[in-house]
Amino acid sequence: MQPNLSFEQAPPLGVPFRFFLVAPWFGVAAGLLLPWAGESAISSRWSPAVLALTHLLVLGYLLQAMTGALFQFVPVAAGGNVWRPRLVAAILQPLFLIAAALLATAFLAGSGAMLRGAAALFVAAVSLQVVVIGLALWRTPAQGATVAALRLAIGGLAATVGLGAILAEGFAGDHGWPLVTIVNIHAGWGLGGWALMLVAGVSYFVVPMFQLTPPYPHRLARALPLALLLVLGGWSAQILGMNAEWVTAIWLAGFCLAAGYAILTLWLQRHRRRRIADPTFLFFRGAMFCLLGSCISAVVMTMLTSIGDDSRCAWWLGILILPGAFVSLINGMLYKIVPFLCWLHLQRLAGIGAVAPNMREMIPERAQRRQMRLHFLSLALLLLTTFFPAAAGVAGVVFAASCAWLGWNLTGAARAYRTFRGRISAAAAGPAP
Amino acid sequence: MPAVIDGRDMVPPEPLELTLAALDTLVADEELLLLLYCQPRPLFGILESEGYVWREDLRADGTREIRIRKGKS
Chain A
64 MQPNLSFEQA PPLGVPFRFF LVAPWFGVAA GLLLPWAGES AISSRWSPAV LALTHLLVLG
124 YLLQAMTGAL FQFVPVAAGG NVWRPRLVAA ILQPLFLIAA ALLATAFLAG SGAMLRGAAA
184 LFVAAVSLQV VVIGLALWRT PAQGATVAAL RLAIGGLAAT VGLGAILAEG FAGDHGWPLV
244 TIVNIHAGWG LGGWALMLVA GVSYFVVPMF QLTPPYPHRL ARALPLALLL VLGGWSAQIL
304 GMNAEWVTAI WLAGFCLAAG YAILTLWLQR HRRRRIADPT FLFFRGAMFC LLGSCISAVV
364 MTMLTSIGDD SRCAWWLGIL ILPGAFVSLI NGMLYKIVPF LCWLHLQRLA GIGAVAPNMR
424 EMIPERAQRR QMRLHFLSLA LLLLTTFFPA AAGVAGVVFA ASCAWLGWNL TGAARAYRTF
484 RGRISAAAAG PAP
Chain B
57 MPAVIDGRDM VPPEPLELTL AALDTLVADE ELLLLLYCQP RPLFGILESE GYVWREDLRA
117 DGTREIRIRK GKS
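These protein sequence lines map, in sequence, to chains A and B. Take the first sequence: its position 418, counting from 1, is numbered 481 in the working numbering, and each next residue is one higher. Take the second sequence: its position 59, counting from 1, is numbered 115 in the working numbering, and each next residue is one higher.
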């Protein structure tokens, strides 16, 4: 059985698109930071360039794309009524854009004032997002694992940004707060409580539908978000003082949950009803292998302290998790969502019998596949950079090129939409007198 | 025998694309049978606005049979 979609409440096309079309360009900015930062980027997770490019990815690329997806997904798939989506998106999207750019600049310039400014913008924007999307999810009559995971993900986003604001104040001021511990908790909520929670909730819905797999087992789908929440609660308790062995055990438990989700998704993909291997499927599978790889790496780093103590471990894990798992997954989903929405809106305009384009005309599959190959090449180069830091510049440029290509392909779909919309309008108006 | 589109193993929006193409050539009193595992709400919206009528039955295996005809004008 597949879940049902309801497009009666779908927002105008411009609402999700204003987020989707901007997201890849933050990936370009992040990639181009690497040649500038050079080898120092790999040696420490605290280098300004690493902090800047990490936040360009998570707040520029991921947050934009995930927010756009929520504006579409919550009304259509979760039955939630989002309050004035056009207005809220018009406020949120530029705020996110400015705040992400300001935050990256603050890291590079070492400016406390800019850190505080970026944090204030994020707190304002995310508060609005949490209230509007959170209310829609709270009030929806829909039940099930997807809605439960989305509700928790919104809470995870609020926790991440709240902790980020505390960190901004902590770094900008001189309060003597345990900043390293807060950074670890902040990262845990961002990656586990927001990103993985959202991805899991959405994948319960889209993987069976678009990849023709069996559904996720109901009990496991229900249990994963709750288990993640439990682990994050334990992870956050380290702020109160905790034995280092407990902290490591909770850290590993979080990775094990992520590995469980990845293995289950790969198993479902293996049992799909039709052997389709389109770019979305391949991106998704690549993302799951990266997530699994990060979990195996985390276990090895814990068992073998000679490896785990190397400062480059953070870079290796970061590449597997961010560009490897989350960017791959979003890249793949954008190739499904963007042409589908273009096609659907055109079809509704055209009706039956009028000239509506085929969905495959929106972004040719050949262009998707070529960009996908470049993305995975950039990923391999970024991982190799761990052992050959001199390759950082090349890896960054290739990653930037891959993101730019994605941006170009998505813009192409928007252009195709405008062209076909013009044709449909002209056909409806009839021949000129 | 109605024309049949078995969309159960198709990736969205393939079943919708094929259905709309088939409806374009559907004559009066002819029926189109669409088989799916989900409710095609976007299709229902289009059918309603274009004056088609449909009947939906749920099989024990979860398959939805959607029988579509042209409405009486």
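Keep in mind that the hints were calculated from the coordinates and are not lab data. Treat the hints loosely; a few may be bogus.
Sample of chain A residues facing chain B (criterion: CB under 7 Å; computed from the structure) [stated by the list, open to error]:
id: 1; residue: 273
id: 2; residue: 336
id: 3; residue: 337
id: 4; residue: 414
Don't be surprised by glycine CBs; every beta carbon is placed ideally from N, CA and C.
Status of the hints after comparison with the structure:
no. : hint : verdict
1   : 273  : 6 Å, holds
2   : 336  : 5 Å, holds
3   : 337  : 5 Å, holds
4   : 414  : 6 Å, holds
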